[in-house]
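Start from chain B and add chain A according to the hints.
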Amino acid sequence: MPRGKVSVHEERCKGCGLCIEACPQGVLSFSGDFNSSGYDYVTVDNPEDCVGCGFCGKVCPDVALTVYKKQKEGV
Amino acid sequence: MSKEALAEDTAGMEKVFDRPKSLNNQQFSYCPGCHHGVINRLIAETIDELGIQDNTVGTAPVGCSVFLYKWFDIDVIQPAHGRVSAVATGVKRARPDLNVFAYQGDGDFASIGTNNSTHAANRGDNITVFFINNTLYGMTGGEMSPTTLLNQKTTTTPKGRKAKDFGPPIKMSEMLSALDGPTYITRQAVYDVKRIDQTKKAIKKAFRIQTEGKGYALVEILSACPINWGMDPVKANERIKEEVENVYPLGDILDRS
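So the sequence lines, in the order shown, correspond to chains B and A.
Heads up, the first sequence is in the working numbering, so the first residue is 1 and it goes up one at a time.
Heads up, the second sequence is in the working numbering, so the first residue is 76 and it goes up one at a time.
If we strip away everything but chain A, and leave its shape as in the complex, we get:
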């Protein structure tokens, strides 16, 4: 539709939904139906609403969201695999005037970077961490990650994950909530509009905790990986609701804010 025709059609109407300013025009390279896109948009929208685009720095993981610097219209650092929370800590300590967020997948946060993420939480560093849990390694072909559910089939567990071989799925948020360092830990999902709105509230709260200097905030978000789960996007959403949520219950786990 031409711009003129659109302007005519929308005369007397208000724009209620559009691309946030903190995202540029580059197309995401995520697969169809991947929740990373929704989460990226929520973070960008929150940055817009808080008016912190010019003094926010992100740190991106190795994984599907490695290209955050391509899509966000803010400065993004892409550290070595798993070192995202550590680098975010460094940026925040060198420049306390900046808002710093770490964006990590389950492979990054709960596997190769467990030590970095745990110690950042324990230090109570004044950063905001987003932990995107899709229960496997998405970019490299759907291998088992520490958060893979029991009996879930992945390319490295073709008969399903068994506790006697690999242990049960690791619950990072519950684990970190046992520490004295963190201020806010919550687990959210984005499989329907209601959950998306709640996730946005949690993201905003996590950023506010940082701008108010209250310390470490972690937002874990259950995410779908339709391609590696072998499901269409609608079924993948149902799987989170019916299966993943039972192992990783939603809601605030810790709130000292």
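So that you can see chain B by itself, here it is in the shape it has in the complex:
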């Protein structure tokens, strides 16, 4: 099971690609598709590698990402 999860609000994404650059795990990539505003939105390519660091969310200028992180066991 992955340590984290990121979900992309596709309609909010403007395809700037800053989250793809910021992700240390290479989880995100461009979808190659377009949302209703005509932007090539970002999609989660390797969900298994996500560690829930939240870097993608922090750099996103459109607050289009939600990040979850697995809670430590026994805490």
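If you are wondering where the hints come from, they were derived from the structure by calculation, not from laboratory data.
All of these numbers come straight from a predicted model, not from anything done at the bench.
Glycine included, C-beta positions come from ideal geometry on N, C-alpha and C.
Just to be clear, a hint being listed does not mean it is correct.
[Unchecked claim] Coverage of chain B stretches by chain A, computed from C-beta distances (three or more under 8 Å per stretch; other residues unrestricted):
no. : stretch
1   : 1-9
2   : 24-36
3   : 44-55
[To be verified] Just the calculated beta-carbon pair ranges, DEER-fashion:
no. : chain 1 : residue 1 : chain 2 : residue 2 : range
4   : A       : Met-306   : B       : Glu-48    : 31 to 41 Å
5   : B       : Asp-45    : A       : Leu-173   : 43 to 53 Å
6   : A       : Asp-255   : B       : Phe-34    : 54 to 64 Å
7   : A       : Gly-87    : B       : Phe-34    : 45 to 55 Å
8   : A       : Glu-317   : B       : Asp-45    : 28 to 38 Å
9   : A       : Ser-104   : B       : Ser-29    : 18 to 28 Å
10  : A       : Ala-253   : B       : Phe-34    : 30 to 40 Å
11  : B       : Ser-36    : A       : Val-322   : 21 to 31 Å
12  : A       : Met-306   : B       : Asp-45    : 21 to 31 Å
[Claimed, not checked] The calculated lysine-lysine pairs, modelled on DSS-like cross-linking and capped at a C-alpha distance of 30 Å, are:
no. : chain 1 : residue 1 : chain 2 : residue 2
13  : A       : Lys-96    : A       : Lys-237
14  : B       : Lys-70    : A       : Lys-289
15  : B       : Lys-70    : A       : Lys-90
16  : B       : Lys-69    : A       : Lys-90
17  : A       : Lys-90    : B       : Lys-72
This is chain A only, laid out in the frame that chain B set:
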């Protein structure tokens, strides 16, 4: 993804990043890769964390961030161009119980509103000012602003800004730090995660100075304008790091808090 599928996928997980409550669901009208969005989120998050959403008023500039009232779930006043610090002063003096922040671009703060912003700083009014410096006029098409770098090409300086014609770029934060009025002046950037975290700390400190009644706090934030710089968002971030930061060094410039 459906809500049920998401709930199943995130079972046993904690939400570590989400849209702050002080922003509503309206999409920003900023261009892709614009730093205004990051800065708006940082301010909204800070308002959430300090628990001051119900008694905070913002004042928005003329420029790309003119629609702050559409995106923030707090009261926002949109004064005439350049009068943002002055109106923030008025709100604060009429209602000292409110937290008031002014949000201004370089065209607003350093050009048409220089007199207003300078005197607000000199009076040491108990307000928090955010000065977003992207080195040109973004909304109107990328014209030269007072903070445009030397040799930077803009639509009104197609051969680059020359000091003999326009003077060198104006350093507002350094200029205001020469005054006795201000309490805290800092310059930050948001081009990577580390800088974003530092900027958030500075924003929080600036708000705290106000809630503690210590006076005027200014946070200048270097911002990218990928569209008018003619760069993709990643290159625009590199430009701040390699070029803009050399003229406008980061860090606290004045701290009397």
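Hints broken by the structure, by number, lowest first?
2, 7, 10, 11, 13, 14
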